[in-house]
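S.K.: The listed protein sequences derive, respectively, from chains A and B.
If you read the first sequence in our numbering, its first letter stands for residue 1, the second for the next number, and so on.
If you read the second sequence in our numbering, its first letter stands for residue 1, the second for the next number, and so on.
Read the hints as simulated data drawn from the structure, not as lab findings.
Every clue listed holds true.
Cβ-Cβ distance ranges computed for the label pairs, FRET-style:
hint, chain 1, residue 1, chain 2, residue 2, range
1, A, S38, B, R54, 32 to 38 Å
2, B, A78, A, S58, 42 to 48 Å
3, A, T76, B, T67, 34 to 40 Å
4, B, K69, A, G3, 32 to 38 Å
5, B, T67, A, S58, 24 to 30 Å
6, B, A10, A, N10, 24 to 30 Å
The structure displayed is predicted, hence computed values, not measured ones.
Note that CB positions come from ideal geometry on N, CA and C, so glycine has one too.
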Amino acid sequence: GAGVSQSPSNKVTEKGKDVELRCDPISGHTALYWYRQSLGQGLEFLIYFQGNSAPDKSGLPSDRFSAERTGGSVSTLTIQRTQQEDSAVYLCASSFMVDTGELFFGEGSRLTVL
Amino acid sequence: SQQGEEDPQALSIQEGENATMNCSYKTSINNLQWYRQNSGRGLVHLILIRSNEREKHSGRLRVTLDTSKKSSSLLITASRAADTASYFCATDKYSGGGADGLTFGKGTHLIIQP
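Taking the hints into account, I'd like the entire structure generated from these sequences.
M.R.: Now the structure itself:
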């Protein structure tokens, strides 16, 4: 597609439920990144993929968070047993390669955990 | 961990004035980037400056980089109401380019008064 696409744009869920957030990067971009942004805060790095591989998972906040990428394209971020502190905007970005600098961001998925 | 820190946290100026935002970082970098985020939207890349560059221009934007002081500044000249947004600096680590993702500061919220 023309840009990075994320879905859903908004998700309201109850505490304890699982959620899946999807990111469709720009075609041909091999690197994909997930960030989390809490209200009025900066971006917290979660995880990145080079192809289908995630070399660094240390940014994931807890073992309730997991991410995968298949076919070198679409990525899914899964949050199990959601907690209220998981409420945030989850931003996905892609770049042609890991070391090419500029990231292209999606519009984000706003998650609200009640 | 937070790498870049923007200063000030908030800035309000009159339309037509120049706006200056600063960013300080802690470790050696390959490059430093500035992004803009309009309320509730994704981030948009503005400009990238490499560690061996001292100044760069793009339209009404001027970025400087002082690696000895580990700081950068973003100057927006002749500000417009449409420049109202949050501005983030982002740095990569020298060791791996974007290998563990760009690290973002908390941003400067710029308000341009008409």
